[in-house]
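Please build the complex by placing chain Z on the supplied structure of chain B, with the hints as guidance.
Spelled out, the chains give:
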Amino acid sequence: MDTVILISQVLMSLALILAFVRVVRGPSLPDRVVALELFASIVVGLVGVYAIKVDVSSFLDAAIVIALMGFLAAIGFARFLERGGPRDD
Amino acid sequence: MIEMIKGFLILTGAVFMLLAALGILRLPDLLTRMHATTKAAALGVILIMLAVALHFGEVAVVARAFAIIVFVIMTAPVAAHVIGRAGYFVGSKLWSGTVKDELRPNYDPLTHELKSGLETEANAVHQPRDRDPT
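If you read the sequences in order, they're chains B and Z.
Going by the numbering used here, the residue at position 58 of the first sequence is 58; the numbering climbs one at a time, nothing skipped.
Positions in the second sequence are counted from 1; adding 1000 to them yields the numbering used here.
In isolation and in its complexed conformation, chain B is listed as follows:
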């Protein structure tokens, strides 16, 4: 079980790095927003796996909050994109 958890953590860390490459490279603001939303999903998965690893179920509350924040950030960014405002991309 420990090896499985380690492998999945490595895979998800790799996924975080790949998503971060997309955040840096852009090329446009919507691409970065999509990558940031993917960040939130991957972190929720990481928190879940960590909760299994250390056998503490309270981490799930953090996962709920992260999922909520990711959704609200996506909605907020999309509204910001549509309503305008100074952009530089």
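Keep in mind the hints are simulated off the structure, nothing from the lab.
By construction, the Cβ of each residue, glycine as well, lies at the ideal position given by its N, Cα and C atoms.
Among these hints, one or two may not hold up.
[Unchecked claim] Label-pair ranges, simulated between beta-carbon atoms: (1) Z:P1028 - B:A73: 22 to 30 Å; (2) B:L6 - Z:I1002: 14 to 22 Å; (3) B:M1 - Z:G1091: 46 to 54 Å; (4) Z:I1073 - B:L6: 41 to 49 Å; (5) Z:R1085 - B:R25: 19 to 27 Å; (6) B:M69 - Z:E1121: 48 to 56 Å; (7) B:L6 - Z:K1100: 40 to 48 Å; (8) B:I7 - Z:V1078: 28 to 36 Å.
[Claimed, not checked] Simulated pairs of lysine to any residue, SDA-like, Cα-Cα distance not exceeding 25 Å: (9) Z:K1115 - B:R79; (10) Z:K1006 - B:A62; (11) Z:K1093 - B:S28.
Positioned in the frame of chain B, the structure of chain Z alone reads:
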């Protein structure tokens, strides 16, 4: 047995998340990238939360894990729709190999007017609303 199912669920979830990240890195334009992230990442979260529910096996924890699953299933399409719409409006480029863009001939990006092909004389008149973007 439960250990095996748990390990399988965790590994598959992690692999699907890696697939989502690969998709967002390798696919050519915004909409195809969103296609990769929303579905694969949501499935990864769902599988890992199922593993969490199996691991703890208490009512409170299972309820929270299922709450996360329901939340992800409900919000992923909404967020994808909103971001895709914003991306189309700000004019992010489509992939050069895109076969069909059904919105382009029917949609005027300056006035935000959408034609349905069912216009008549009566409803063809544009009635500006005060919250129209100028």
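Status of the hints after comparison with the structure:
{"no.": "1", "hint": "Z:P1028 - B:A73: 22 to 30 Å", "result": "holds (25 Å)"}
{"no.": "2", "hint": "B:L6 - Z:I1002: 14 to 22 Å", "result": "holds (19 Å)"}
{"no.": "3", "hint": "B:M1 - Z:G1091: 46 to 54 Å", "result": "holds (49 Å)"}
{"no.": "4", "hint": "Z:I1073 - B:L6: 41 to 49 Å", "result": "violated (29 Å)"}
{"no.": "5", "hint": "Z:R1085 - B:R25: 19 to 27 Å", "result": "holds (23 Å)"}
{"no.": "6", "hint": "B:M69 - Z:E1121: 48 to 56 Å", "result": "holds (50 Å)"}
{"no.": "7", "hint": "B:L6 - Z:K1100: 40 to 48 Å", "result": "holds (45 Å)"}
{"no.": "8", "hint": "B:I7 - Z:V1078: 28 to 36 Å", "result": "holds (32 Å)"}
{"no.": "9", "hint": "Z:K1115 - B:R79", "result": "holds (23 Å)"}
{"no.": "10", "hint": "Z:K1006 - B:A62", "result": "holds (21 Å)"}
{"no.": "11", "hint": "Z:K1093 - B:S28", "result": "holds (9 Å)"}
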